[in-house]
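Position chain P against the provided structure of chain V, taking the given hints into account.
These are the residues of each chain, in order.
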Amino acid sequence: MIKVENLTKLFGAKRAVDGVSFTVERGEVLGFLGPNGAGKSTTMRMLTGFLPPSSGTVTVGGYDMAEQPISAKKLLGYLPESAPAYTDMTVYGFLNFAAEIRGLRGDAKKSALSRVVDLCFLDSVLHQNVDTLSKGYRHRTCFAQSIIHDPDILVLDEPTDGLDPNQKSEIRQLIRKMGEKKAIIFSTHILEEVDAACTRAIIIDRGAIVANGTPAELRRKSEWAGAVTLRVQGLGAGAVQEKLNQLRGAKKVTASANGNRVTVTVFPRVAGDGDLTREVIAATNGWQIEELRTEEGRLDEVFHNITMPDTRSENRNAKSETRV
Amino acid sequence: MNSLSNIKTIAKRELLACFTSPVAYVFIVIFLLLNGFFTFMVGGFFERGQASLASSFFMWHPWFYLFLVPAVGMRLWAEERRVGTLELLLTMPIAPWEAIVGKFVASWLFLGLALFLTFPVVLTVNHLGSPDNGVIFAAYVGSWLMAGAYLAVSCITSAITRSQVVSFIISVVACLFLILAGFPPVINMLQSLTHNWQWLVDVITSFSVITHFEGFQKGVLDSRDIIFFLSVIGFSLFTTSVILRTHRTS
Chain V
1 MIKVENLTKL FGAKRAVDGV SFTVERGEVL GFLGPNGAGK STTMRMLTGF LPPSSGTVTV
61 GGYDMAEQPI SAKKLLGYLP ESAPAYTDMT VYGFLNFAAE IRGLRGDAKK SALSRVVDLC
121 FLDSVLHQNV DTLSKGYRHR TCFAQSIIHD PDILVLDEPT DGLDPNQKSE IRQLIRKMGE
181 KKAIIFSTHI LEEVDAACTR AIIIDRGAIV ANGTPAELRR KSEWAGAVTL RVQGLGAGAV
241 QEKLNQLRGA KKVTASANGN RVTVTVFPRV AGDGDLTREV IAATNGWQIE ELRTEEGRLD
301 EVFHNITMPD TRSENRNAKS ETRV
Chain P
325 MNSLSNIKTI AKRELLACFT SPVAYVFIVI FLLLNGFFTF MVGGFFERGQ ASLASSFFMW
385 HPWFYLFLVP AVGMRLWAEE RRVGTLELLL TMPIAPWEAI VGKFVASWLF LGLALFLTFP
445 VVLTVNHLGS PDNGVIFAAY VGSWLMAGAY LAVSCITSAI TRSQVVSFII SVVACLFLIL
505 AGFPPVINML QSLTHNWQWL VDVITSFSVI THFEGFQKGV LDSRDIIFFL SVIGFSLFTT
565 SVILRTHRTS
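The listed protein sequences derive, respectively, from chains V and P.
Residue numbering for the first sequence follows my numbering, starting at 1 and increasing by one per position.
Residue numbering for the second sequence follows my numbering, starting at 325 and increasing by one per position.
Here chain V stands alone, though its shape is the one from the complex:
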């Protein structure tokens, strides 16, 4: 439904977005990750036709955004980063305007209004002025605006920013539910949201895509993917580490002691290696093991390694030190 090809945006000499290409199909929820200033918002602004790209094309539902902007924009719902709303209107007036500009009239407008008011829990503030709203309500008002015409495609720039934890999880559930029938792109820098709502994630850094895959695929890039952590009683940290270091599948072993317990993590030579767990179990036969688990991989570590290449090697050295 959304096809982005070689999208580039220059601000003066700076390449804010540099050759970004991806597609999103119906039924997909694409998480857009990246550090601040990576080009997430700029990409979304080009996607929705607010900023014209310096080069590259955006195709929305078969319509080229540069050639047929109005047909393309009709299919889109957009929540900008700061969730702006007309401050000199009531919530009802604002949503009414959003519905009318989307071409809804009469009964269709009424039912659309009551649908989004219910979905976004705006009933209690419906006749309040937008500038008297708390940040959460204002955010939801703008979100309501983006879904009022039940668009096939939703572009949400940090939809959970500034919301309290309950509201965050409500919005995430809503995104996941709507994602079954729509194509959704949302940006975030909260990594747990990727698991909670996305079917796929893209990591963007300095204007370019550096990773693209399902959350599980991304996690497999982590050195934690397939690592085995166990807590052993009655053995010294050094002994445990030495023994486990001899395993064929082990790349490195970290251990830390706490009283007479040792917590050990064995990192796999090949990320996501499932055999390592079996090896560890075989090797530790007879030990007093209180806990043993296989790690799935950590998104935050993947994110960190991908978006901060300069500090990556340094970081590894720090991690391989043994804390005893």
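If you're looking for bench data, these hints aren't it; they were derived computationally from the structure.
The reader is advised that the hints may include incorrect statements.
To be verified - So the derived label-pair ranges between C-beta atoms look like this:
hint: 1; chain 1: P; residue 1: L500; chain 2: V; residue 2: H127; range: 38 to 44 Å
hint: 2; chain 1: P; residue 1: G453; chain 2: V; residue 2: H127; range: 47 to 53 Å
hint: 3; chain 1: P; residue 1: R572; chain 2: V; residue 2: S256; range: 41 to 47 Å
hint: 4; chain 1: V; residue 1: G162; chain 2: P; residue 2: F443; range: 47 to 53 Å
hint: 5; chain 1: V; residue 1: H127; chain 2: P; residue 2: I354; range: 40 to 46 Å
hint: 6; chain 1: P; residue 1: F562; chain 2: V; residue 2: D64; range: 24 to 30 Å
hint: 7; chain 1: P; residue 1: V566; chain 2: V; residue 2: T132; range: 34 to 40 Å
hint: 8; chain 1: V; residue 1: G19; chain 2: P; residue 2: R572; range: 35 to 41 Å
hint: 9; chain 1: P; residue 1: P508; chain 2: V; residue 2: G106; range: 57 to 63 Å
hint: 10; chain 1: V; residue 1: A13; chain 2: P; residue 2: M513; range: 38 to 44 Å
hint: 11; chain 1: P; residue 1: F364; chain 2: V; residue 2: F121; range: 53 to 59 Å
hint: 12; chain 1: P; residue 1: F562; chain 2: V; residue 2: F11; range: 43 to 49 Å
hint: 13; chain 1: P; residue 1: E371; chain 2: V; residue 2: G106; range: 56 to 62 Å
As the list claims (entries may be wrong) - Cross-link-like lysine to any residue pairs, in silico, SDA-like; alpha carbons within 25 Å at most:
hint: 14; chain 1: V; residue 1: K110; chain 2: P; residue 2: T344
hint: 15; chain 1: P; residue 1: K336; chain 2: V; residue 2: L104
hint: 16; chain 1: V; residue 1: K74; chain 2: P; residue 2: L328
The structure displayed is predicted, hence computed values, not measured ones.
Here a beta-carbon is modelled for each residue, glycine too, at the ideal position from N, C-alpha and C.
Leaving out everything else, chain P in the frame of chain V:
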């Protein structure tokens, strides 16, 4: 047809927002107070003993509008940019020119309403004597067109900046130019500056709203004057669209 309904929706929202904030009421009250004061106290409406509104009522309008119209126009685009709603507006399925025209029309209608509310003056003059109501009507049309020209200029300055104050000041200066372009001292200065290039001086002085408004005050609906005001509006709105576009591309 579709464009028309988009323009209507934009204009409706603009008017609604205008009347939910106190700006509209403050503006109308001040406009009416100024009109009353200048017509009766400064303009000497009663002392003149004439059944006419030209030199006691309409002659002040270019000066009232100088400050009041930029105050109405300054928020049009500056506020959209500051709050970020411009991003919403321009990602809606409408053409940018529809938004520009819609917002302009709303404010122009509002100025028309304020002007309409001066009707007690017309009733007064009709009660006291028998004025030529055709002349008064023509002057009202001229006054409204002049307000539209000022408003369109304010649209440009409002699109330039996200600060309403800056927008206000620049548009007051620009509108002041529109008034002063026909003033003798200014004409003299222009002549010395341009080494008596008469055509250039003529071009500049023909931009004076006062000369174009004069005809209306006499009851003459001259097509040249009407075209002048409408072309100032058209050109200014076009410039606004260019400015809004360059903001996004650069």
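Here's how the hints hold up against the structure:
1. In this structure, P/L500 and V/H127 meet the distance hint of 38 to 44 Å, their C-beta atoms being roughly 42 Å apart.
2. For the hinted restraint 47 to 53 Å between P/G453 and V/H127, the CB-CB distance of approximately 50 Å keeps it satisfied.
3. Checked against the given bound of 41 to 47 Å, the beta carbons of P/R572 and V/S256, roughly 54 Å apart, lie outside it.
4. Between V/G162 and P/F443, the C-beta spacing of about 49 Å keeps the proposed range 47 to 53 Å intact.
5. Checking the proposed 40 to 46 Å range against V/H127 and P/I354 shows it is violated: the Cβ atoms sit about 29 Å from each other.
6. Taken as a hint, the range 24 to 30 Å holds for the pair P/F562 and V/D64, whose Cβ atoms sit roughly 25 Å apart.
7. A C-beta distance of roughly 36 Å is found between P/V566 and V/T132, which places it inside the suggested range of 34 to 40 Å.
8. Roughly 21 Å separates the CB atoms of V/G19 and P/R572, a value that falls outside the hinted 35 to 41 Å.
9. Separation of P/P508 from V/G106 is about 60 Å and conforms to the stated range, judged on CB atoms against 57 to 63 Å.
10. Checked against the given bound of 38 to 44 Å, the beta carbons of V/A13 and P/M513, roughly 43 Å apart, stay inside it.
11. One distance hint, 53 to 59 Å for the beta-carbon pair P/F364 and V/F121, holds here, with the actual separation near 56 Å.
12. One distance hint, 43 to 49 Å for the beta-carbon pair P/F562 and V/F11, is violated here, with the actual separation near 26 Å.
13. Roughly 58 Å separates the CB atoms of P/E371 and V/G106, a value that falls within the hinted 56 to 62 Å.
14. Distance restraint check for V/K110 and P/T344: the Cα-Cα separation of roughly 22 Å lies within the 25 Å cut-off, and the hinted pair is therefore satisfied.
15. For a cut-off of 25 Å, the pair hint linking P/K336 to V/L104 stands: about 15 Å separates their Cα positions.
16. Between V/K74 and P/L328, the direct Cα distance comes to roughly 17 Å. Compliance with the 25 Å bound is thereby established for this hinted pair.
In this structure, the earlier hints numbered 3, 5, 8, 12 are contradicted, and the remaining ones agree with it.
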